[in-house]
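Sequence lines, in order, name chains A and B.
Under this note's numbering, residues 1 to 207 are what the first sequence spells out, in order.
Under this note's numbering, residues 1 to 207 are what the second sequence spells out, in order.
Keep in mind that the hints are not guaranteed to be accurate.
As the list claims (entries may be wrong) - Taking lysine-lysine pairs in the DSSO-like style, the calculated list, with each CA pair at most 27 Å apart, reads: (1) A:K118 to B:K87; (2) B:K14 to A:K14; (3) B:K14 to A:K87; (4) A:K87 to B:K118; (5) A:K118 to B:K85.
Hints are computed from structural coordinates only; laboratory data are not their basis.
Number of protein chains: 2
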Amino acid sequence: MTDHTDTIPRVLGKLDDAGRATLFTDARTANTFAAMPVSDAELSSIWELAKWAPTSANVQPLRVLYVRPGQARDRLVQHMNDGNKAKTAAAPAVAVLAVDTRFHEYIPAVFPFRPEMKDFFDASEEMRTGTGTFNSALQAGYFILSIRAHGLAAGPMIGFDAAGIDAEFFPDGRWRSILVVNIGHPGPDPWRERLPRLDHQDVVRWA
Amino acid sequence: MTDHTDTIPRVLGKLDDAGRATLFTDARTANTFAAMPVSDAELSSIWELAKWAPTSANVQPLRVLYVRPGQARDRLVQHMNDGNKAKTAAAPAVAVLAVDTRFHEYIPAVFPFRPEMKDFFDASEEMRTGTGTFNSALQAGYFILSIRAHGLAAGPMIGFDAAGIDAEFFPDGRWRSILVVNIGHPGPDPWRERLPRLDHQDVVRWA
């Protein structure tokens, strides 16, 4: 594969105020969606951007099932908690984020200078689960910010019947759902008042 | 607290190419660091930006210990895996990311319309661990991108003795380390060739 490592400057750019607003400071979870559709090209591009952010040993365990309006979305909605059903039923696109419980099978391809790590993971379910759980959640964070980077609103939810979704969409048991994210353009009155963030001194310490 | 929900436009901005390069497409894990220091103001600002991205029920379990050059960094380096010692010893700042195992004590403040969730979490260690593990990793993803947003290079590592770091820096047992991140300006020859990402069809499915 081509690379351009030599051309990356050592003085790095900063994210400007518009970018900070888009991803962090102004961005909100959308509670309503406009009818405007989200294209398959946009959905593919969300993944193609998010994929570049790092994971430990490059394991990349996150998987994405995009669910579009129609029968598939109806099948998904039935597994959402009651408080989330209407939002998901109205979202022009939904991503079911999952962890590939056998992510380590790709290690010889994605971490070619230590292919033997595949066997370490194969031998330890504890190590596999810990690494898969941590890195898939890390990548879910990247994915949410990538949705926002595309000018779309994200509505991440953990209120769903994971066993139900897994049986419905991942019957072979290899992928396991970790987060459902509504994706679309904001509809009428989409934002709730922002919830408070913890005080700096409750989060940050210095040594 | 003040809010400006009413002023957020419903047509959202997109991240421009420079922003995409800074956070995703050009950004790399740095393996060397320049002598140029990282200020406490920059370190505080990394958290102040990352904190805005969402967590489930606004639980915000991630905690940050910033370790600066000197005795504290020496204490940290001894708990890093051998392959990571030199990098951490050369980093002008290091963040030890941790999960607050008693994050739920803040729920009445951060999720005021459902304060009783504090008691649900108090009653179930399984629910507490699952929610803390997932959301702290999600926030670690936001944190890494926030470092990059500040024009700094991040070097995240899971290769360390977590029990050793916890005993050294979090002796009361409440915070537990999940990731160590070197932070600084890139030094000489800082980048390795980018590792391959999984093929689109191995990650993304459609329903």
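Are the Cα atoms of A:K118 and B:K85 separated by 27 Å or less?
This hinted pair holds, its Cα atoms lying about 25 Å apart.
Need the status of pair A:K118, B:K87: alpha-carbon distance at most 27 Å?
Between A:K118 and B:K87 the Cα gap is close to 25 Å, so the pair holds against 27 Å.
Is it true that the CA of B:K14 sits at most 27 Å from the CA of A:K14?
holds, 16 Å
Do the alpha carbons of B:K14 and A:K87 lie within 27 Å of each other, as the hint requires?
Satisfied, since the Cα-Cα distance of roughly 23 Å is no more than 27 Å.
Satisfaction of hint between B:K118 and A:K87, Cα-Cα up to 27 Å:
Holds, at about 25 Å.
Every hint from the earlier list agrees with this structure, and none is contradicted.
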